[in-house]
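J.: Residues per chain are reported as follows:
Number of protein chains: 2
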Amino acid sequence: MKEIKDKSVEIFLDELASKQATPGGGSAAAVMGAQAAALVSMVCNLTIGKPKYAEVEAELRDLLGEAEVLRQTLLGMVKADVDVFDKLMACYGLSKTNEQEKLYRGEQIQTVLKEATLVPLACAKACAQAIELSRTAAEKGNLGVISDAGVAVMAAYAGLKSAALNVQINAAGLKDRTFAEAQLAELDGLLELAENAAAQVYQTVKDKL
Amino acid sequence: MKEIKDKSVEIFLDELASKQATPGGGSAAAVMGAQAAALVSMVCNLTIGKPKYAEVEAELRDLLGEAEVLRQTLLGMVKADVDVFDKLMACYGLSKTNEQEKLYRGEQIQTVLKEATLVPLACAKACAQAIELSRTAAEKGNLGVISDAGVAVMAAYAGLKSAALNVQINAAGLKDRTFAEAQLAELDGLLELAENAAAQVYQTVKDKL
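As given, the protein sequences belong to chains A and B, one line each in that order. Going by the UniProt record's numbering, the first sequence opens with residue 1, and the numbers climb by one from there. Going by the UniProt record's numbering, the second sequence opens with residue 1, and the numbers climb by one from there.
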């Protein structure tokens with residue numbers, strides 16, 4: 001069975017559209033984040049080595065390194081989302097013909113729901129980082145490709161807001177409210193910062209067009 | 001030479017990140033729009049046929065039809081963006097050793113710049129339509145997959161804001177200001193409507209989580 005990353009863009013979209021539960025919005029969020037990271041890399045790759053941008057070259061080399069690591073992280077999250085969702089569905093499918101089975105099933109669901117909260121939270125964090133990387137790309141990158149930094153920030157923002165929905169939906173099902181509230185508080189912090197950051201970076205790009 | 005849609009997700013991202021000018025933000029915008037349309041289809045496919053949602057079934061069948069057409073349109077725009085950009089680069093590469101060549105080159109650039117303004121404008125329109133389709137998915141779709149309608153609206157919104165940057169950057173280079181201003185006015189109309197629409201649809205989803 002091929003991983004999503006190894007399937008064609010068209011087949012990925014076919015599978016997203018299908019009545020199969022995975023891949024779904026969680027994988028789409030990770031792909032958007034990965035597109036953001038890739039576009040930050042593109043801006044770096046088209047800035048590094050140009051005499052006009054020699055002053056920012058060292059900084060953009062570092063940015064490129066960070067964006068490439070982040071892209072791999074986000075690409076891995078495309079699969080992580082499918083895996084945890086499939087695991088959760090398997091738990092819901094566990095037998096519940098007696099009290100012992102019901103108890104076991106309930107415990108298993110709760111354990112995997114925690115994981116299913118942490119996986120999109122990690123994606124949200126990665127997308128928030130992509131917004132910050134796109135800020136440097138927008139501020140320092142080659143003006144000829146600055147619009148790509150603007151696309152990067154919008155993709156990262158959409159990925160974050162999308163992953164957030166999956167954190168919220170899974171956290172809602174958790175009985176361990178202390179754990180759930182802690183993750184939701186962390187998410188709220190990310191969303192609050194990102195809302196302004198994304199608008200600022202987009203405006204930075206628009207002002208340079 | 002394979003079209004982007006036939007390349008793996010990973011290779012598409014590698015090429016997006018590379019120092020090659022295409023694919024770039026324009027193709028990424030179209031992919032985001034196509035992801036939005038695919039997720040609307042997913043919500044439809046997981047709602048149609050369920051007795052609980054029999055009342056909205058006819059409406060969601062229509063929505064599915066529209067989303068599938070839109071997805072194909074947006075997938076075609078991934079290639080259209082690359083093609084028009086390559087065409088523009090070819091014009092910039094035209095010889096300009098004498099006045100006649102310079103005149104011809106200038107005219108060719110202006111002709112292709114118009115096309116390079118219309119291609120992302122069409123993508124922006126398609127993404128605005130995807131926002132409207134995600135609204136119906138959010139309002140009428142299966143509650144169990146309602147978060148996917150939220151991801152759809154964010155992907156469509158990011159696609160629209162991304163395509164907008166490419167309209168603006170290419171319109172800025174046009175000498176035919178009447179043409180340019182007409183396209184920019186149309187774009188502004190789309191952006192104004194979409195800003196509220198996207199926020200509303202996202203909120204509709206959040207309220208249902």
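Errors might be hidden in some of the hints.
Same chains, same names: a pair is fine if it fits in one copy or spans any two.
[As the list claims (entries may be wrong)] Derived SDA-like pairs (lysine to any residue); straight-line CA-CA distance at most 20 Å:
hint, residue 1, residue 2
1, Lys7, Lys79
2, Lys208, Glu115
3, Lys79, Leu94
4, Lys7, Ala21
Since the hints were made in silico from the structure, they are not lab data.
J.: Next step is simple, just say for each hint if it's right about the structure.
T.: Status of each hint after checking the structure:
1. Lys7 x Lys79: Both ways: Lys7 and Lys79 sit 12 Å apart in one copy and 18 Å across, limit 20 Å.
2. Lys208 x Glu115: neither (42 Å within a copy, 22 Å between copies)
3. Lys79 x Leu94: Intra 23 Å, inter 45 Å, cutoff 20 Å: neither.
4. Lys7 x Ala21: within (17 Å within a copy, 23 Å between copies)
When held up to the earlier numbered hints, the structure conflicts with 2 and 3 and fits the remainder.
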